[in-house]
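Produce the complete structure using the sequences and hints provided.
So the sequence lines, in the order shown, correspond to chains A and B.
Its first residue numbered 1, the first sequence is counted upward by one per residue in this note's numbering.
Its first residue numbered 106, the second sequence is counted upward by one per residue in this note's numbering.
One thing to keep in mind: the hints can contain errors.
Claimed, not checked - Chain A is nowhere near these chain B residues, computed Cβ spacing over 12 Å in every case:
#, residue
1, PHE183
2, ARG207
3, GLY294
4, ASP364
5, SER367
6, GLY379
7, ALA381
Unchecked claim - Per label pair, the in silico range of CB-to-CB distance:
#, chain 1, residue 1, chain 2, residue 2, range
8, B, ALA304, A, GLN95, 34 to 44 Å
9, A, THR3, B, ARG357, 46 to 56 Å
10, B, ALA304, A, ASP57, 41 to 51 Å
11, A, SER18, B, SER300, 40 to 50 Å
12, A, ALA19, B, ASP302, 46 to 56 Å
13, A, ALA52, B, ALA142, 53 to 63 Å
Note that these hints are calculated values from the structure, not bench results.
Positions of the beta carbon are idealized from the N, C-alpha and C atoms, including for glycine.
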Amino acid sequence: METLNFRLESAPAERAASASVLCGVVGSGNLEILLRQGDEPKVCTVEVKTAARGFGDTWQAVLDAFAATHAAGGTHIAINDMGATPAVVSLRLAQTLSDYQRGRR
Amino acid sequence: MNRPYALRHSWFEATARERIAGLVDADSFREIQPPEAATPSPHLALLGMPGAFDDGVIVGRALLENRPVLVAAQEGQFIGGAVGEIHGAKIVGLLRRAVRERPAAVLLLVDSGGVRLHEANAGLIAISEIMRAVLDARAAGVPVLALVGGSCGAFGGMGIVTKLCSAVIMSEEGRLALSGPEVIETVAGVEEFDSKDRALVWRVTGGKHRYLMGDCQTLVEDDLASFRAGAIATLSPEPAPSLAQLQAQQTRLERRLADFASLRDGLQVWARLGIAQPERVPMLERDELVTLKQGVTA
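So, in structure tokens, the structure goes:
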């Protein structure tokens, strides 16, 4: 297992109704994402625990793209990953942020 | 209970959280120890495996047709729904809460291969604590219903836990047994049991077979709404088991062992039950099988 930490600049997220939201499952080729309010309005912090070692650069690229295309500032994201592909990670991130903003848990 | 396929939402394919949402009254579920408050398994971290925030089981309180119930749902996608130390402690805590709070029922949404071997003795102890807690809840007058229809079925220790419950609700897709097919093949050889033969696996462990044998009380479609209807229909107050009841049950099981122990396949068992065309059973719809079951006693 590898633990990776990221700090991403991103436009401030719209404030959500729910305090936190969970998406996905730690199953094969899948991941779970827990998103809650962060400390800095223009920063998204991410902690990844992944079963697949040595993919730090890939995570950086996927998370950079997410932070650039979504307003995710002011959030903290915790991820438990069981080998999800970059496409799955991107979709789950978008789903989690969407659920957070709609106040669903 | 049959609904058009287009309206169904598969229990088998749903996550544990989706199953809870489809089972209980809308928006009534309140999670105890939600993911942001929970501790992932320390054992898995030592082995270099990522844990899950909820350790693979979701527990909480909800309403079922306005009656208060406690719910535990295992997530089969996370390490096969296997029971580790924290996972087990969450279920045990819920069952002990049931003894104090006396809800209308505890609903156990089982989807598990049994003990989480990574956690060894802690997982084994967790399973035995769950068994004791199920019986304590029943002795306190709280029915415990097991719902089995996930991809991991109910095997190993969770197979035992399922059979300790007041009643079992299954779909055809669900499976219930002690040793799983691959365990049997590994231990006793492929001549004893071919775990690759999926049809055989379901003929000896699947929901239809369990229903015909009387091991599950309610057979439902693989559909969230059908499991909800099945749980509502099955839920009834239960007197604590008496010695006479347990002795009658023991006698029934001994007779069953004598009648069926030499048989190799569900087809042979169904034939001995007096079912005229046993080869038709796997193709029957749920309602047809329920009709067929009337008049069959196992």
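Comparing the hints with the structure gives:
{"no.": "1", "hint": "PHE183", "in the structure": "violated, 5 Å"}
{"no.": "2", "hint": "ARG207", "in the structure": "holds, 28 Å"}
{"no.": "3", "hint": "GLY294", "in the structure": "holds, 28 Å"}
{"no.": "4", "hint": "ASP364", "in the structure": "holds, 40 Å"}
{"no.": "5", "hint": "SER367", "in the structure": "holds, 39 Å"}
{"no.": "6", "hint": "GLY379", "in the structure": "holds, 42 Å"}
{"no.": "7", "hint": "ALA381", "in the structure": "holds, 42 Å"}
{"no.": "8", "hint": "ALA304/B to GLN95/A: 34 to 44 Å", "in the structure": "holds, 36 Å"}
{"no.": "9", "hint": "THR3/A to ARG357/B: 46 to 56 Å", "in the structure": "holds, 54 Å"}
{"no.": "10", "hint": "ALA304/B to ASP57/A: 41 to 51 Å", "in the structure": "holds, 46 Å"}
{"no.": "11", "hint": "SER18/A to SER300/B: 40 to 50 Å", "in the structure": "holds, 43 Å"}
{"no.": "12", "hint": "ALA19/A to ASP302/B: 46 to 56 Å", "in the structure": "holds, 49 Å"}
{"no.": "13", "hint": "ALA52/A to ALA142/B: 53 to 63 Å", "in the structure": "violated, 28 Å"}
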